[in-house]
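Undergrad: Residue numbers (the numbering used here), protein chains in the order written: chain A, 12 to 295; chain B, 12 to 295; chain C, 12 to 295; chain D, 12 to 295; chain E, 12 to 295; chain F, 12 to 295.
Mixed in with the good hints, there may be bad ones.
You can't tell identical chains apart in this list, so a pair holds if it fits in one copy or across any two.
DSSO-like, lysine-lysine: derived pairs with alpha carbons at most 27 Å apart [as the list claims (entries may be wrong)]: (1) Lys91 x Lys75; (2) Lys91 x Lys284; (3) Lys48 x Lys28.
These are computed hints drawn from the structure, not numbers from a lab.
There are 6 protein chains.
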Amino acid sequence: TDERTGQVLFEALPWIKNITGKTVVVKYGGAAMVDEKLRADVMSDIVLLKILGVNVVIVHGGGKAINRAFDALNFPVEFKDGQRVTTPAAMDVVRQVLVGEVNQDLVTAINRHGNLAVGVAGSDAGTIVCSTLNPELGRVGKIEHVDTTYLETLIKSDYIPVVATVGIGEDGGYYNINADVAAGHVAAAIGAQKIVYLTDVDGVYMDFSDKNSLISNMSLREMEDMLASGTVDKGMIPKLESCCYALHAGVFRSHVINGKTPHSLLIELLTDKGIGTTMHSTEE
Amino acid sequence: TDERTGQVLFEALPWIKNITGKTVVVKYGGAAMVDEKLRADVMSDIVLLKILGVNVVIVHGGGKAINRAFDALNFPVEFKDGQRVTTPAAMDVVRQVLVGEVNQDLVTAINRHGNLAVGVAGSDAGTIVCSTLNPELGRVGKIEHVDTTYLETLIKSDYIPVVATVGIGEDGGYYNINADVAAGHVAAAIGAQKIVYLTDVDGVYMDFSDKNSLISNMSLREMEDMLASGTVDKGMIPKLESCCYALHAGVFRSHVINGKTPHSLLIELLTDKGIGTTMHSTEE
Amino acid sequence: TDERTGQVLFEALPWIKNITGKTVVVKYGGAAMVDEKLRADVMSDIVLLKILGVNVVIVHGGGKAINRAFDALNFPVEFKDGQRVTTPAAMDVVRQVLVGEVNQDLVTAINRHGNLAVGVAGSDAGTIVCSTLNPELGRVGKIEHVDTTYLETLIKSDYIPVVATVGIGEDGGYYNINADVAAGHVAAAIGAQKIVYLTDVDGVYMDFSDKNSLISNMSLREMEDMLASGTVDKGMIPKLESCCYALHAGVFRSHVINGKTPHSLLIELLTDKGIGTTMHSTEE
Amino acid sequence: TDERTGQVLFEALPWIKNITGKTVVVKYGGAAMVDEKLRADVMSDIVLLKILGVNVVIVHGGGKAINRAFDALNFPVEFKDGQRVTTPAAMDVVRQVLVGEVNQDLVTAINRHGNLAVGVAGSDAGTIVCSTLNPELGRVGKIEHVDTTYLETLIKSDYIPVVATVGIGEDGGYYNINADVAAGHVAAAIGAQKIVYLTDVDGVYMDFSDKNSLISNMSLREMEDMLASGTVDKGMIPKLESCCYALHAGVFRSHVINGKTPHSLLIELLTDKGIGTTMHSTEE
Amino acid sequence: TDERTGQVLFEALPWIKNITGKTVVVKYGGAAMVDEKLRADVMSDIVLLKILGVNVVIVHGGGKAINRAFDALNFPVEFKDGQRVTTPAAMDVVRQVLVGEVNQDLVTAINRHGNLAVGVAGSDAGTIVCSTLNPELGRVGKIEHVDTTYLETLIKSDYIPVVATVGIGEDGGYYNINADVAAGHVAAAIGAQKIVYLTDVDGVYMDFSDKNSLISNMSLREMEDMLASGTVDKGMIPKLESCCYALHAGVFRSHVINGKTPHSLLIELLTDKGIGTTMHSTEE
Amino acid sequence: TDERTGQVLFEALPWIKNITGKTVVVKYGGAAMVDEKLRADVMSDIVLLKILGVNVVIVHGGGKAINRAFDALNFPVEFKDGQRVTTPAAMDVVRQVLVGEVNQDLVTAINRHGNLAVGVAGSDAGTIVCSTLNPELGRVGKIEHVDTTYLETLIKSDYIPVVATVGIGEDGGYYNINADVAAGHVAAAIGAQKIVYLTDVDGVYMDFSDKNSLISNMSLREMEDMLASGTVDKGMIPKLESCCYALHAGVFRSHVINGKTPHSLLIELLTDKGIGTTMHSTEE
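Model the full assembly from the supplied sequences, consistent with the hints where possible.
TA: Written out as structure tokens, the structure reads:
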């Protein structure tokens with residue numbers, strides 16, 4: 012077991028070498044965000060990466076917490092063509108929950124390990140500028156521009172920015188943004204080396220119903236083919252689309268991993284074999 | 012009128028000279044926070060000060076917005092010896108409103124003039140650490156320590172930090188803090204040159220019922236005497252106590268001004284005569 | 012009047028924002044140089060601009076003081092085709108007066124407000140290199156080159172350079188230079204944002220005999236048309252030509268103002284309406 | 012096994028955090044220096060530590076290679092009271108072997124992983140200044156002073172200095188130095204956090220003949236007691252004495268590990284349990 | 012002769028080593044200031060020293076040029092107890108000549124070798140602040156304070172400041188200062204390593220009438236004894252007094268040399284034997 | 012003789028000006044390396060140049076010392092077509108002598124004047140990378156690449172690198188390199204201004220048998236013509252070829268001088284007339 016220990020440490024060498032000083036965007040979501048134990052585990056791993064000199068940026072949404080808040084307020088829910096409408100009043104609840112609750116809970120979970128994390132709303136310093144995605148859906152945002160000045164200031168000062176996906180419009184109003192999409196745009200704008208999606212599944216499956224069909228490596232083309240084929244599991248679609256966007260913009264690798272597996276983030280990023288699905292833009 | 016214009020600009024010289032490069036904490040509150048027009052006006056003035064090279068830090072609470080949120084939720088209100096109790100559940104509402112709504116609204120009001128403002132919760136990077144003020148009042152915080160590292164990073168990068176008065180406990184839980192008190196502690200910790208309280212009155216009165224008894228200048232001793240005399244208007248007590256705390260800690264001047272008077276901030280800080288009440292620690 | 016005061020301070024905002032950190036060349040001359048009270052007033056304004064972070068460079072001649080010195084010495088005056096000839100001996104008097112008297116008097120007037128000003132002769136560090144303008148006029152200089160290294164050192168160290176318009180030739184001899192021309196060349200070489208000519212009139216007039224014909228704004232083309240039309244008042248010609256030179260070289264704005272109006276410099280540079288004539292290179 | 016992998020990576024966190032940016036002196040010796048495979052393994056580990064941001068300084072002797080060179084030259088060996096005498100001629104052979112052969116071989120072994128290592132003789136830039144330890148033993152050196160200027164230059168430029176234990180005297184002559192002693196002095200002078208002795212045994216034993224008596228942790232006092240008791244294995248004496256010297260001088264921890272165990276350096280420095288003997292100056 | 016050449020270059024080594032990066036104040040005067048050929052020679056030497064990395068500061072008066080100017084103006088000369096009175100009007104002539112003529116001529120002589128020199132009046136940036144030495148003598152200054160900020164800015168930017176000995180009073184008026192005295196004060200304030208007086212004699216003589224009595228080395232005490240003895244040649248008194256002042260203030264060495272001897276500055280500063288008189292504060 | 016002294020110092024001015032801050036590679040060899048007195052003399056001159064701000068890099072071989080070592084070991088000498096073969100075993104001796112003896116002796120000779128020199132093997136930090144020049148000659152190296160990173164680090168920290176001409180191969184093995192060739196490659200790679208070859212003759216002769224035919228100046232073309240003519244003295248061929256290589260690569264001047272003449276280095280570099288042969292790439 013000393014042998015195994017030494018081997019693990021030793022194998023991590025080229026991976027650590029490769030990732031030190033680079034920026035990794037972690038799209039935080041799924042059970043790892045809700046379950047306090049899982050959250051604490053993932054946060055420890057993120058702090059470890061930070062300590063290794065990796066610039067981690069966390070991007071998160073918070074659908075479940077938002078639904079809970081709507082329920083508590085008996086908030087009327089409007090639908091348009093089967094999609095929920097975000098009225099300005101609903102948007103106020105969204106930002107209260109995302110910025111004022113979920114975001115701070117993630118910040119605080121990290122800060123148990125030292126005062127490393129700071130909360131960032133997309134409206135801070137005009138970081139995420141949105142327009143209206145579809146007028147019928149109200150304040151659902153389409154990202155027009157990510158201004159990375161503020162994020163870079165925080166990274167340079169060695170903070171871990173935790174970004175709540177609330178955008179700001181040219182009209183001074185707020186927008187709700189899909190967190191998978193936001194993570195891809197942030198990674199692209201900031202020139203991240205990697206983007207990691209924490210999910211509740213082990214990765215991307217060739218056939219989601221077949222647990223033996225987990226894909227270890229996919230190229231950008233393979234992702235695009237899979238998306239075109241229409242066989243992708245619905246929850247995975249925005250993740251894959253966001254991956255494609257980020258890789259086209261120059262992000263080197265993207266990873267889909269299971270946030271419920273202990274230390275999945277470390278194993279995926281710091282070992283030869285990995286544990287989830289790695290996507291790469293180059294054909295190798 | 013050219014003469015008057017030239018004179019105003021000219022008189023501002025020694026004041027501007029004195030304040031450039033210094034830090035001014037603005038305790039934001041009252042009508043200037045609620046009324047959109049007044050808020051926009053004050054924010055313009057703050058941006059002006061920033062542009063002149065003044066490092067402005069805004070500290071705010073948000074009592075009215077919190078009450079509104081409690082009402083919307085039909086939140087049960089507990090009282091203990093006549094004081095409202097902040098249960099953990101109430102605290103969740105408090106931080107949703109302060110961090111997720113009021114804070115971002117102030118940030119956005121400033122950012123119409125450029126991407127200068129960023130929201131800061133007291134829990135970000137462990138900035139405001141609290142303990143329990145009184146166990147019977149629940150999550151009402153007593154400030155134990157203000158860690159200025161993060162605020163200084165933001166100031167050095169020329170951002171205007173807008174601080175929501177939510178503190179973090181050693182237990183990882185959140186605390187609600189009186190904003191007047193928080194402003195004084197932040198000013199003291201960061202070594203501010205000045206602290207300004209935006210209120211709905213013209214300043215401190217010798218006798219609040221006599222509008223002719225406005226005090227232009229008070230010494231620290233006069234404030235302490237006034238507090239001891241028990242004649243201070245109730246709303247003014249925490250402001251005066253916080254002033255005393257800040258001046259004892261080395262803050263050079265504190266000011267109480269009326270946020271409803273157009274450009275009161277500029278007039279108080281940049282003219283010979285001022286417009287509200289100036290408090291100073293030295294006997295002059 | 013509090014309202015008026017606040018308004019003036021507030022209006023100054025975008026102008027101050029625009030000018031901070033920029034370089035403004037002030038061509039000093041006329042009554043404001045001779046009258047001690049006016050000189051002190053203008054110098055206060057210049058110190059104010061410096062304190063606001065404006066890099067002010069002063070360029071001056073000194074015709075009247077030179078004439079006085081010639082008279083005291085009963086200096087023979089030669090004329091060639093109606094223009095005065097500057098013999099080498101006359102040049103020695105010119106530089107004694109400009110560098111040894113007028114320049115230091117301006118330096119000292121500024122330094123009452125702090126040790127901000129330093130005298131610069133065009134011969135210091137080879138700053139202004141001249142050739143002979145017209146052999147028949149003796150040591151009257153044509154500017155061949157402005158080396159801004161020394162001026163930039165002084166600006167970077169936050170000094171106000173006060174430049175006496177004595178140039179140095181490749182032959183090691185000195186040259187007398189027209190101060191309006193020198194100011195334009197210095198502004199162009201140093202990449203100034205603005206150049207301001209302090210004169211004894213309120214600005215440029217459409218018809219100098221009609222005091223109601225003051226021009227508030229002119230384009231570069233309008234200046235060139237006016238110069239071509241031959242209707243410009245004689246004293247204004249070198250100023251306008253120098254303006255054209257500077258604007259063609261990339262200086263953003265030039266201003267002609269009356270040095271006798273109190274704070275005219277502040278009013279012209281820091282208010283919406285201004286007080287003299289503003290020239291701009293772009294058609295707006 | 013994913014679980015084990017994740018656990019190892021995760022456990023390494025506080026150790027890596029603790030050691031990043033710190034300086035670790037590695038006394039290189041034993042089989043790990045002679046056996047090419049072991050040497051390559053250790054060097055990989057050292058490169059890993061460097062990549063993690065640890066400033067590694069290697070100190071080495073080379074007794075076996077020196078003996079081989081003496082044999083090749085049929086070099087006469089003098090003894091004085093049972094100790095070998097280093098004549099000036101012998102010293103020439105010593106420095107040829109240490110500086111010209113052993114040192115470069117270590118440098119080259121590291122540089123297979125990138126151009127990280129540079130050879131340093133104690134005489135370079137006057138780094139290790141010696142006097143005569145005992146006139147009867149010839150050029151055997153007593154360290155008078157370690158000048159760390161050059162080592163710090165190399166460390167700051169992210170090189171791994173490999174120090175051959177040849178010292179320079181005030182007389183301009185060379186001295187041979189015991190490498191265990193030299194390592195302790197270098198660690199002390201440079202303010203190292205840790206010093207690690209690579210040996211051919213698993214650590215320090217309570218009773219060297221009892222392989223079950225390996226000591227995991229010893230305090231400085233325990234080491235001194237053990238040395239005083241006279242029960243220490245002869246080869247371990249200079250190591251323990253050098254440890255004591257370094258810990259007294261402020262080095263935080265020293266470690267004795269087996270260079271023949273794969274990745275022993277990583278396991279000792281980066282895991283909770285370690286693998287050899289750790290010495291600490293504080294009583295815990 | 013190659014041998015001699017090599018020897019001179021080689022001997023200069025420790026002297027150059029000693030003087031590089033240090034500040035040397037040169038009191039310029041005598042024939043070397045008036046004669047154009049001598050002036051050019053000395054200036055070449057000064058440029059050489061600058062190029063070697065010596066920070067040279069030149070301090071000069073200009074008695075002969077001032078007298079010439081008074082004559083040209085038929086200026087009335089007042090005497091009080093045998094000493095000339097400097098009326099305010101006379102002071103205007105003094106500064107015209109010193110700042111506007113002599114100073115620029117020295118600047119220009121240096122700048123033939125590159126744009127190294129800049130003129131400094133004592134009034135620039137409040138560098139030399141004076142009070143009235145003796146009310147009966149008018150504007151003759153006693154140095155109250157040397158503010159070295161401006162000189163240090165110029166030195167740091169590798170300029171050679173050429174200082175005209177015109178001081179500024181608290182009253183805003185100018186003062187004429189003895190140049191020997193000024194040089195000593197500047198050297199003391201700026202923390203110069205050496206001060207050199209260029210004179211028309213070979214150094215200090217034991218008995219000025221005996222050309223064989225030239226003193227090569229004197230201690231501070233010997234200078235003070237000589238001054239007390241009253242045997243010093245009149246012209247040498249202010250130089251010696253100024254030497255004593257500077258040495259007491261921490262200047263390491265002072266030198267009196269003959270400005271008419273070619274390269275006397277280089278020989279005195281860069282050879283073992285020197286050429287004039289060296290004064291030192293320590294007894295050696 | 013004062014006149015002569017002053018003249019020598021003065022003449023050195025433009026040469027010193029020209030060489031300060033530049034890099035000069037000195038190919039060290041001949042008697043100046045073997046004779047202790049000559050070596051000490053040359054080293055003093057090199058220290059002088061360093062102190063003047065010249066970045067000196069020394070490159071040396073050590074044929075005589077290597078031969079002596081081979082003799083001491085009774086080392087078998089193989090020849091191939093009349094050229095000596097460097098077997099791997101011979102290479103071990105070569106590097107022991109060059110790196111472990113000759114190199115350190117030069118380092119130590121310099122360090123008598125201060126801790127300026129540090130030894131560099133071509134294998135340190137992969138500085139000199141070689142391939143096999145001719146398989147039949149064994150480990151004789153052809154320089155493939157000079158990586159100047161390490162040398163530049165040392166120069167920037169004001170050390171004098173003393174480079175032993177042992178190269179490293181892609182195979183991790185060592186190579187012996189001709190020192191004349193190595194000096195030219197180092198000078199070319201590092202962008203040296205000058206390269207100086209210390210030899211045992213006064214320079215390059217038109218006809219080596221005619222001591223009156225010493226060439227003071229040669230152009231690159233003249234060198235190439237002379238090499239093509241086949242009339243060059245055998246020992247001078249690699250020097251001239253290396254000169255040509257360096258000058259083609261942008262080195263400004265090369266010099267061949269006699270290391271036995273006192274201060275020949277200083278005289279050649281710092282006087283108008285020089286003392287050996289100067290080669291230049293430009294036709295002048």
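Undergrad: For every hint, state whether the structure bears it out.
TA: Outcome of the hint check:
1. Lys91 x Lys75: within (21 Å within a copy, 34 Å between copies)
2. Lys91 x Lys284: Neither: 45 Å inside a chain and 52 Å across chains, both beyond 27 Å.
3. Lys48 x Lys28: between (30 Å within a copy, 23 Å between copies)
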